[in-house]
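Here the protein sequences come in this chain order: F and B. If you read the first sequence in the working numbering, its first letter stands for residue 220, the second for the next number, and so on. If you read the second sequence in the working numbering, its first letter stands for residue 126, the second for the next number, and so on.
Keep in mind the hints are simulated off the structure, nothing from the lab. One thing to keep in mind: the hints can contain errors.
To be verified - Listed next, with one range per pair, are the computed distances between beta-carbon atoms:
#1 B:ALA276 / F:ALA414: 44 to 50 Å
#2 F:ALA264 / B:ALA260: 52 to 58 Å
#3 F:GLU417 / B:ALA238: 36 to 42 Å
#4 F:ASP389 / B:GLU189: 26 to 32 Å
#5 F:GLU486 / B:ARG154: 27 to 33 Å
#6 B:GLN214 / F:THR263: 30 to 36 Å
#7 B:GLN214 / F:SER506: 33 to 39 Å
#8 B:LYS213 / F:GLU417: 51 to 57 Å
#9 B:LYS213 / F:GLY442: 32 to 38 Å
#10 B:GLN235 / F:LEU555: 55 to 61 Å
#11 F:GLU425 / B:GLU255: 17 to 23 Å
#12 B:GLU189 / F:ARG456: 20 to 26 Å
The beta-carbon is built from N, C-alpha and C at its ideal position, and this holds for glycine as well.
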Amino acid sequence: MQRTPPRRRTGPRTRTPPAPACPSCRTPCSSRCWALAACSPEETAAVEAHLTDCAACADEALRLRDAVGLLHPADSLDLDPLLRSRVLENCLGRRPARIPVPEWAGPYDAETAKLDALLRDMGESEWRAPVRLRWFENDREAGRTTTVAGVIGHLMSVDGLVATALGLTDPLGAEVPEDSPSDPTERTLAYWRTAVHEESPLATREPWREQSHALIRTVAFAGRGVAELAVPYGDFRLPLRDSLLERAFECWVHAGDIADAVDYPYEAPAAHHMHGMVDLAARLLPSALAVRRRAGLAAPPRRLVEAGTPGRTLHLEVEGSGGGHWYIALDSPGALGTPDRTVAHIALDSVEFCQLAAGHVSPEDAAAGQHGERDAIREVLFATASLSRL
Amino acid sequence: MDFCDGGHSGGGEGGPWMVNEAPPRWDRRMQQRLARGEAAALGELYDRFASLVHSLAQRVLEDEAAADRITREVFGYIWENPDAYDPKQGSLRSWVATLTHRQAVHRLRQAEAASALDCGADAPGPAEIEQKINAASTAARADYIVTSMPAPLRAALELAYFQRRDYRQTAADLGVTEVEARRRLRLGLQLLATAHNHQAGPPAPGRPATPPPPGSGYGRAL
Numbered sequence: 220m221q222r223t224p225p226r227r228r229t230g231p232r233t234r235t236p237p238a239p240a241c242p243s244c245r246t247p248c249s250s251r252c253w254a255l256a257a258c259s260p261e262e263t264a265a266v267e268a269h270l271t272d273c274a275a276c277a278d279e280a281l282r283l284r285d286a287v288g289l290l291h292p293a294d295s296l297d298l299d300p301l302l303r304s305r306v307l308e309n310c311l312g313r314r315p316a317r318i319p320v321p322e323w324a325g326p327y328d329a330e331t332a333k334l335d336a337l338l339r340d341m342g343e344s345e346w347r348a349p350v351r352l353r354w355f356e357n358d359r360e361a362g363r364t365t366t367v368a369g370v371i372g373h374l375m376s377v378d379g380l381v382a383t384a385l386g387l388t389d390p391l392g393a394e395v396p397e398d399s400p401s402d403p404t405e406r407t408l409a410y411w412r413t414a415v416h417e418e419s420p421l422a423t424r425e426p427w428r429e430q431s432h433a434l435i436r437t438v439a440f441a442g443r444g445v446a447e448l449a450v451p452y453g454d455f456r457l458p459l460r461d462s463l464l465e466r467a468f469e470c471w472v473h474a475g476d477i478a479d480a481v482d483y484p485y486e487a488p489a490a491h492h493m494h495g496m497v498d499l500a501a502r503l504l505p506s507a508l509a510v511r512r513r514a515g516l517a518a519p520p521r522r523l524v525e526a527g528t529p530g531r532t533l534h535l536e537v538e539g540s541g542g543g544h545w546y547i548a549l550d551s552p553g554a555l556g557t558p559d560r561t562v563a564h565i566a567l568d569s570v571e572f573c574q575l576a577a578g579h580v581s582p583e584d585a586a587a588g589q590h591g592e593r594d595a596i597r598e599v600l601f602a603t604a605s606l607s608r609l
Numbered sequence: 126m127d128f129c130d131g132g133h134s135g136g137g138e139g140g141p142w143m144v145n146e147a148p149p150r151w152d153r154r155m156q157q158r159l160a161r162g163e164a165a166a167l168g169e170l171y172d173r174f175a176s177l178v179h180s181l182a183q184r185v186l187e188d189e190a191a192a193d194r195i196t197r198e199v200f201g202y203i204w205e206n207p208d209a210y211d212p213k214q215g216s217l218r219s220w221v222a223t224l225t226h227r228q229a230v231h232r233l234r235q236a237e238a239a240s241a242l243d244c245g246a247d248a249p250g251p252a253e254i255e256q257k258i259n260a261a262s263t264a265a266r267a268d269y270i271v272t273s274m275p276a277p278l279r280a281a282l283e284l285a286y287f288q289r290r291d292y293r294q295t296a297a298d299l300g301v302t303e304v305e306a307r308r309r310l311r312l313g314l315q316l317l318a319t320a321h322n323h324q325a326g327p328p329a330p331g332r333p334a335t336p337p338p339p340g341s342g343y344g345r346a347l
């Protein structure tokens, strides 16, 4: 509806006056309420009577009644989200791209397209539907309620970190928080304060989508070196390739929040994309453990390990789509995780692991098979939940 | 599409509301990006048109797997032949719809011919098959017309014929006069009636209405 011109121009500029008369019988044509379905019973009777007398009107009425039969409610059939990658792969197999999208941007490309498809048919009331965002903070569940449009604004504000790292315009413009321009939470709160998402919720879709398309375009042109470009997230940084993977993960998680809010099914990422997301979380775990130790939330390491040497290890086994085996160094981010030094083992489903990392499942409730050192298991589960934020 | 350009189809012929539409810059830019082999442009093209392509193909073929296949073929064709689009002839959207329509009708004809062979003596006659193909083709063209018509006309039709509001309620819902509501319904139906004007040809309004010979043109090229 955004292309609808202002109200005063909405009348089609027909050559005919507003209510032309039937040329043969002079009955005002407007009383024929086209094709009858939209008339009251009395009017229908009057029109039917007129049509038996007037061939010109009857002709048109017949033609337009026939046209009504061509109206067909829009198919509720949704496009299979996996069709996109099959179609694009087929194209690129027939004619290789001269400017390809880097493989590490693939999950972000796929997840933003999937969310956009979910948004496509939403009406204004759905855009205003309340959405509960949940995460883990200081080992406790935290949450905040916004709307579908608020979630899109949140995604756009944090994606803006990647955009600005690439030299694109910051979507927050003058609203960038001065003290903490790259803190994801502060940026989101700054965006929400503008209340754009409350005033015209549908208007959040296009800038979000344009920015995500622009990110993909830009990394495709930027060449190989850009993968390691540092993207700041408040007090830490991620290389661009991980950063886009993290944004893909957030996009999926929040699309799931939106889908729940409007009672719609939503699919998990493709297995190889899911694998990348689990892998990123697993790689971040040793640092997350260290942060927890520094904050006094976890016990100090049992022994100091020289950087680059094997230390105590937790074997993280992720089952299902995109799963695999990861060996998490428990003593310090610099230590190596290795099967020989495994002191504990956790096994859980990939979606469950991602829900834990998103702060949607609490570490105590995560359905994980476990054996070995209980403290190590507990710390890794809590560290996984601590990866989440607003 | 400017709604005010929509008016001169008072006679209901041809649905020419896009005839004078200048090809938007997005269309030309997209064509250039596809031509230079930008994979990101291909993704954006898909995001914009996949649901149009898939739903038109689904409407003609009434088979999801077949519609998936048409979607693959149409995007494959565009990616390999971006220069086949002529912005002077109309919007990229109408070109994409034309390609889809032709390809879907082509596949439907193939499928009908194959099943006629299988059925032997019980097979439907050529006239019956042609009738079925025309009906499917018209239905898809009607869908395209509805999605392409100015939003106020579409909104009026949806209220009156899907939600079964009479024209007074429709007028109230839209916040327009009853005369205006009736005029929108009439104009909307007139546009829709133009779906009958072609015989299994291209659905794109504003393009030459010459239907391609069966199985030729884009259908074979794909």
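A quick look at each hint next to the structure:
1. Remark: the range hint 44 to 50 Å for ALA276 of chain B to ALA414 of chain F is contradicted by a beta-carbon distance near 26 Å.
2. Against the hinted window of 52 to 58 Å, the Cβ-Cβ separation of ALA264 of chain F and ALA260 of chain B comes to about 32 Å, which falls outside the hint.
3. Range check, GLU417 of chain F to ALA238 of chain B: Cβ separation about 57 Å, and the 36 to 42 Å hint is violated.
4. A hinted range of 26 to 32 Å for the beta carbons of ASP389 of chain F and GLU189 of chain B is inconsistent with their spacing of about 42 Å.
5. The given range of 27 to 33 Å is respected by GLU486 of chain F and ARG154 of chain B, whose C-beta atoms sit roughly 32 Å from each other.
6. Distance hint check: the CB atoms of GLN214 of chain B and THR263 of chain F are about 43 Å apart, inconsistent with the given range 30 to 36 Å.
7. Between GLN214 of chain B and SER506 of chain F, the C-beta spacing of about 57 Å breaks the proposed range 33 to 39 Å.
8. Remark: the range hint 51 to 57 Å for LYS213 of chain B to GLU417 of chain F is contradicted by a beta-carbon distance near 44 Å.
9. The supplied range of 32 to 38 Å is met by LYS213 of chain B and GLY442 of chain F, whose beta-carbon atoms lie about 36 Å from each other.
10. At about 60 Å, the beta-carbon gap between GLN235 of chain B and LEU555 of chain F stays in the expected band of 55 to 61 Å.
11. Between GLU425 of chain F and GLU255 of chain B the CB atoms are about 44 Å apart, so this pair departs from the stated range of 17 to 23 Å.
12. Between GLU189 of chain B and ARG456 of chain F the beta carbon distance is about 45 Å. The supplied range of 20 to 26 Å is therefore violated.
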